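Asks: Generate the whole structure from the sequences, applying the supplied hints.
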Amino acid sequence: AAEKNMVFASPYGITTLDPSVSYSTELTYMANIYETLIRVNPPGSKERFSYLLATGFNASENGLKYTFNLRKGVKFHDGTPFTAEAVKYSIERTTGLGKGAAFIWGDLASIDIVDDYTVTFVMKQAVPLPLIAASAYASYILSPSMKDKDTAWFDQGHACGTGPYMLKNYKDGESWMLAKFDDYWGGWKGPHVENVLVKYTKEALIQLQMLQSGQAAMVGRIPLDSYPAVKSGKDTTVVYGPSYQNYMAFFNTTRPPLDNVKVRKALAHAIPYKDIIDIGFNGMATQARGPVPKGQFGYSEKVVQYNYDIGKAKKLLAEAGYPNGGFNLTLTYAAENPQEARFAPLIQSEFKKIGIDVEIKALVWTSQWSQAKADPKNAQDIFLLLWWPTYSDPYETLFSLLHDEGDKPAWNLAYYKNPAYDELIRQAYETTGSQPEKALELYVNAQNLIQADCPVAWLVDIVGNWPASKRLKGLAINPAYPNVPFFYDMHLE
Amino acid sequence: MSLVPFLSRRLIGLAVMLVALSALVFFFSRSIPGDVAAMYIGGMAKPEQIERARQELGLDQPLTLQYVKYMKKLLSGDLGISLRTHRPVFQDLLEKIPMSMEVVLWAIALAMVLGIGFGGLAALRQGTWIDEGIKWLSSAAVSIPIFFLALLLQLIFFNLLGWFPLQGRIDTFLEFSNPLELVTGFSLIDSLLTGNHAAFFNVAWHMVLPVLSLIAYPLGLITRLTRSSLLEVMSQDYILAARASGIRESVLFFRYGLRNALSPVLTVVGLSVALTLLATFYVEIIFNWPGIGYYALTAILSLDYPVLMGVTLMIGTVYVVANTSMDILRRIVDPRIK
Amino acid sequence: MSDLDFKQLAEKAAADHRRHRRYLLRLVFKKRAALAAAAILSLMVLAAVFAPWIAPYPDQGKGEVNLADRLQPASFNHYLGTDVYGRDMLSRIIYGSRISIFGGLIIVVAAALIGVPLGLLAGYREGIPGAIITRVVELVLSFPAVLLAMGISIVAGAGFATAVIALIIPWWPWYTRLVQGEVISIKHMLYVEAAGMLGYGRVYILFRHLLPNILTPVIVMMLLDFGPAIISIGLLSFLGLGTQPPQADWGLMVWEGAPNILNQWWIAVVPGCAMFILVTAFNLFGDRLKEVLSIDSNQ
Amino acid sequence: MSRACRQAIHASLRERLLNKAIIQLNQVKTHFPYRKNWRGQPAEWLRAVDGVNLDIVAGECLGLVGESGCGKSTLGRSILCMAPVVSGSVLFHGKEIQGLNDAKLRPLRPKMQMVFQDPRASLNPKMTVLQILQEALFICPGFDHRRSLERSAELLDTVDLRPEHLFRYPHEFSGGQQQRICIARALATEPEFIVFDEATSALDVSVQAQVINLMADLQQRLNLTYLFISHDLSIMEQVCHRIAVMYAGRIMEVQRAQALFGSPRHPYTKVLRDALPVADPRQRRELATLPGEVPSLVHPPSGCRFHTRCVYATDVCRDAEPRMSVIDTGNWVRCHHHEHLQANDELKAQPLNRSTEIKETP
Amino acid sequence: MMKSNTSVSQPVLRVRNLKVDFPSSRGRVRILEGVNFSLYPGEILALVGETGCGKSVTAKSILNLLPRSGVHRHGEVFLDGCDLMKLSNAAMRPFRGRRIAMIFQNPQSSINPVFTLGEQIFRLIRMYLSDEIKAVQQRLNISGRAAVGQIAKERFEEVGLTDVERLLKSYAHQISGGMAQRYRIATALLSSPEVLIADEATSALDVTVQSHILKLLRSLCRRKGTSIVFITHDLGIAAQMCDRVAVMYSGRIVETAPTLSIFEAPRHPYTQGLLAAVPRLGSGKRLANIPGMIPDLANPPAGCRFHPRCPQVMACCKEEKPPQQDIDEQHQVACYLYGEHVPCLPTGHSRQPQGAIVE
Ligand SMILES: Nc1ncnc2c1ncn2[C@@H]1O[C@H](COP(=O)(O)OP(=O)(O)OP(=O)(O)O)[C@@H](O)[C@H]1O
Ligand SMILES: Nc1ncnc2c1ncn2[C@@H]1O[C@H](COP(=O)(O)OP(=O)(O)OP(=O)(O)O)[C@@H](O)[C@H]1O
Ligand SMILES: [Mg+2]
Ligand SMILES: [Mg+2]
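Residue numbers (the working numbering), protein chains in the order written: chain A, 1 to 493; chain B, 1 to 338; chain C, 1 to 299; chain D, 1 to 362; chain E, 1 to 359.
Keep in mind the hints are simulated off the structure, nothing from the lab. Computed from a predicted model, the values in this text were never measured in an experiment. If a hint is listed, it holds; no wrong ones were tucked in.
Computed list of lysine to aspartate or glutamate pairs in EDC-like fashion (alpha-carbon distance at most 20 Å, straight line):
(1) C:Lys-7 with D:Glu-150
(2) A:Lys-88 with A:Asp-115
(3) A:Lys-314 with A:Asp-357
(4) C:Lys-290 with B:Glu-132
(5) A:Lys-312 with A:Asp-453
(6) C:Lys-7 with D:Asp-157
(7) A:Lys-147 with A:Asp-116
(8) A:Lys-88 with A:Asp-112
(9) A:Lys-274 with C:Asp-69
(10) A:Lys-274 with A:Asp-225
(11) E:Lys-215 with D:Asp-274
(12) E:Lys-224 with E:Glu-132
(13) A:Lys-408 with B:Asp-60
(14) A:Lys-373 with A:Asp-259
(15) A:Lys-75 with A:Asp-183
(16) E:Lys-169 with D:Glu-293
(17) D:Lys-36 with C:Glu-126
(18) A:Lys-171 with B:Glu-181
(19) E:Lys-321 with E:Glu-33
(20) D:Lys-29 with D:Glu-44
(21) E:Lys-153 with E:Asp-131
(22) A:Lys-149 with B:Glu-56
(23) A:Lys-353 with C:Asp-59
(24) A:Lys-168 with B:Glu-181
(25) A:Lys-352 with A:Asp-275
(26) D:Lys-20 with D:Glu-96
(27) C:Lys-290 with B:Glu-232
(28) D:Lys-126 with C:Asp-16
(29) C:Lys-7 with D:Glu-154
(30) E:Lys-285 with D:Asp-217
(31) E:Lys-285 with D:Asp-280
(32) A:Lys-353 with C:Glu-64
(33) A:Lys-302 with A:Asp-453
(34) A:Lys-168 with B:Glu-95
Replies: Set out below in structure tokens:
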């Protein structure tokens, strides 16, 4: 008999349970409790989208109007029937609150209810609305019966979506249960996990032990060096898949010696990509080729890549007037991120070989960020960053990270200024909906512009993974929703 | 002499201390670089969003005004809202404190009983191998870093021997069959209150290793102190006089000597409470114990200053309360103390 | 009386006092535990001082990665095995002793340097200065030290220097307390009054009479604080708030090694044991010294 | 010092008293804050010395005797301006020294010194004898290291110690030797006046004899004036010219030493004398006792302070403070009934309030 | 003054050749080197001597109160024919307090500071006087508890302590030295012991209080038939209070005699020196003193330990310990100057000028 209960030892905590506000690790659970209208399918699938609460949509000619047909007979957890009103209510609540990832709806003009099961989104600009509506954040549909409830109420451990699971027994910071919602529209025929106990577990070591001792069927993160053992374990395995997450190192281009493009290039050549992949990620990464992760729209082999070449690095340094290096740089990383802690010393060690002393500082993320933003003159020289797109379109990444933000950037921490680049990506964005090929070409050009100036060293694209029990079937990774295990698709043997 | 003025003096002291403490924490935590509003919004927020949050949180006002507002709210038990979880800090603390205090109190109580026992035994058998053994063990106990001890205990008792559970306060399978329902937050008490006996024993079993890790330092400290204090007391005139009047050695030791030796021990017990509470930071990480330490640690890593303030005030209060109650005990035990 | 005369007498007395000190030292080492502790301490101090010459792989001790030899158990090439980056554990331990000993020293000395003068002042001027200092001491003591240290580490950025500073801040009040108590008990001693009766002022009395007489307990406390200070540095490093990689700090090494403890246990256990041994040695030695000093002062 | 010699001094004392006393105390009151109110100001005072008049004549040794805690040490300290005198005047060579600031007192300090009961506690354990003596010497002008060495050796010689002791620490000496070091330190500044505060109480009989002999010799040789505080009357008789009897912060009687023992004027003195166990088994007698407890110095008894424990007390004792009745120059008593007492030793007034006396059963 | 009939009755306490070694940093130190004395029923024996000569050690070793680790005791202590030295610590217990009681110098510090006087004396009453409790219970028809209180009250009044109720609830630090010492006397004499050892029982007290205590001790002991060993360094007390005096010097009793003969005709040079150093009323003479210092016990002089300070030292004194000699039946002295065998004559030992003892 198949087991209905499973334990998930998860390092992903909950910062808020309000689906309109959620913009953090709780998405791991949100996507199991709430649903969006549509969902992006992993690359290589037959269809681009799966249809959840919507059964289909069509766009107007100019790309400003999208009409969605909604699924009938769907119920919220409290029994409220799902209608177009719920869609309008949910999205307007999100934009009204204006928190979290609400900005993705920035170009929304209005939502019009056509009838109970038809709704129209009117946009101000031609944006890829289906991607937005499929976003892992800010696009969940919640029950209009929760109208008088505020964020605080949700944060007490309440939820009311249409997803296959209901939130139960919520103990903040300890554990919570995702329990089967009997009236789920998908039904419970076939093998499905019915109850998931999420055991909040921060330490990788403990997750490993829980997995190995059979206390957990899947975990979020295990010590890097234990992947081989888990992969080849008797009862354990690791499920891999692409993720649209990548690591990068911003160079502070406002200050010598990094204001010299040759120095930056030298550094980009001196980064030990292979070591970072092998040791920093235990092989679970590929060398990045620019800001757009492999598999995502906008990625292309045509983008120039910097390879590890210490000879070239030395030569470039000499050309730049630093024949034996001889300068110091500071590198900061987020203290919460064990991955960065692990590979930062590799960079440091390698840079030492070309005569550059790197001082590594672990700062709490917000401190690191503030330091980088506040004043370029006092900012760190190298800033390590883990990035993931809010929805799977390159524009957000390219725009956020490198468009000219002046002296008070939010994300352009290289202080990179290139009007040609800004123009290129704007054009690409606007053509995405109508001429994808043209858009891709523009994006490649834009990326090569960046590579020529080398304000950022693109380190690695991460391979997503879930260490899990061999008995757990149906676990897969959808790069558009990194970190979301869709429990409904799983079952235990 | 009497307890009432003493207590009221201590209470006033406590209040003053907390005000000072809160000011310190407030201005200190606000001097930490990091955009609080951005943090509150979370993720990759847009500048206008951050600006809105800044206003919402009142961060655009002068710092002193913010402090005054904070204090006003504090008086009504409102510690503000966590920037990270967006939940009221006070409520979070109410949930987390019992979880940590449960282990801390067990550790302290056991450390006190065992420490006084071992210390007494060592003093009683001064110079013998028992004394030597206890001396070595207590030296070792205060010398081992808590995180290392916890790791070792886990390695030995879970991985090698499998006697004790790895993590958490209750086995996961019980969460399906007999989920722990919280009433007071003290899981042992709650499991009894809700008649959940399976959970009771399970929770107790889960507590063993964390308590063992926490106990080491205070136990060593108390043992050593009891021993030396008792030895000093046992050479006092009044003990000699009592012995000369034919009082039985055991009575002499455990009734006369121990009570006299207790006063410095109690001081250390008081200090140990706050110390052990801090030590839970480590133990909770290693044993995945969802208490205040874990909570504070997460807060600190995300610069969640309302939480930090709450935690600091709480630990400061625990410190003062523990010390005060130990002072009261000391006055009861030793009438000479003014 | 001729000049020579005095010199001889002084020599003779000095010789006697030297003999007494030697005798005390012998007394300290009469206990085998103290002897062993002292041996370990001197070994570790020597190792720390001469690290570049002793460590088999000084560069790895300083942090250079050696990816070819990752995660190796003990062997003739690496007596204590290697860590995640293939660095020689023995070299790391030797370099780590520098941080522990040096950090402990700075913390203890700085805490004493801040705490002692304040304690002197608080004890000697019991009025308003005394009351203020006592309050401040209480306040700082009631502040959760780890949180404080974390806060400082965050403000100033984690690192060895900030960790040390972060630890000094909650540390000095203990010295103030100790000294204040000692001064209050000493300042009513008759020899202090005698000096006052000769017409000497407060400052003179403070430095000539009070300071020398509180020094012994302060030094004993410093010695006994060494262990806790070393542990505390490790505690901060363990949380990632102290010394930063690739520096070799024992607490940090335990933290780095902890994820691998199931398979490559030595990466975490060796530095943990090193710390445990060093701290135990300090404690045993400090205890014995305290014992002997108290015997001496009873004489 | 022979008896004849002492009598000669007494003869001249009378004249000198008329001329000049080295120390004159006039209504000196030294109060310590006893309990503080909520504002931290003293609400009650402990009246350790409460209106003392006393003259100390140059060259004499004045004894001060009394129960423990009656204020003897405090009086000694008050003379040396080391206690919080609240009112009254202290004249040194006719000059007011009470209330002077530290700077003004500094030149006077060397002229007055004190030797304490506990020699061990009065020597800094971290200083050698030489350093201790040098500390005293360097207060006086004109001492370099050489001079101070020589002078220190001289001082040790004066107190029968040897130069090699200069480089030793106090704990290397016996109690008697330590006390001699204290005396040497007191002598170092060439004082005119020394207070010995129970300087021999902690010493053994034989050592006490050594120290007392030394004190007497020094007084004669260096023409010093002593205030000799003790609670042991038998020693006082040996060394003092006059004795002052103190009770609960007041001086009750001042008399020449022999006279005090022969015919005590104050009932308290009488008790003190009769309670003394004399080291002569042939003179066995009933030792006198005092009923009741030592009165509180915070709330001292009204009238005559001794009336609560005095067998001769009458109503007047309770109500009125007795005057100083001068017996002859420099000698006086404070008692309402001293004349009757003098006339008739047997006089027994109606006892006022006495706690039960111990009944001796056969 | 009654004089005990020492020649007739058997001694109640007999200490024979008591030797005590202490461990010290410089090796073993012989603190007592053969102490002999007897205590007769009803008498008060004064034990006098300088600081550190071993008076307290003698007292403590009689009751086996010395620290246990490393201290060696030899000799015999007979109480009524029973050798206390042979008893284990536990077997000593029925003797302590019940048959031999002890009072210490500093009364306040010998009362446990954290218990009320009542709590402490009640425990002792229950321990010693179970019969009397029953008797009182029956006589007054009250509970056991009340009977204990009643007895405590009686005993307090016996030593002249009034306001009993308050005292029973007081702690040591709340009462004066005189009261504390009276309380100690009351507890020491609870069980009417045969022997009371008073170790400097009045040294910390004022003269007037001292006389109270002395009177009290004498009268109570007379009444209860308790003999006293009164340790003191005040020869005045010895002269006034005691029947016999034993003079101790550096771990040995050098002279024992009835009070009168000691004071009138001291034989041992040390006794002579000691008496000469005592200030006497009306003598007006310069005090004599004994030159030199008490010997370093870790490195004591050979032979008679007094010889380096003795004005009449002889060659033999430096070699061998002088034996105890009888001057008469009640007067013993340990000195070569007396007795039948005088092995040698005084040498021309260099003496310091002030050392001469002139009578
Ligand atoms: N510095 C002080 N502060 C407060 N009270 C004091 C101080 N010095 C002395 N006293 C009090 O003053 C009273 C008299 O003390 P003092 O030392 O003068 O007595 P004494 O006669 O010398 O006694 P003793 O014989 O015990 O030395 C005592 O009750 C004492 O407690
Ligand atoms: N517990 C001990 N350990 C080591 N030596 C001790 C101990 N008790 C006493 N002594 C030593 O024994 C010697 C005799 O001490 P004791 O106390 O008997 O002297 P005492 O005659 O009572 O002197 P005092 O008049 O000062 O009370 C001293 O030299 C003392 O140092
Ligand atoms: Mg005094
Ligand atoms: Mg003694």
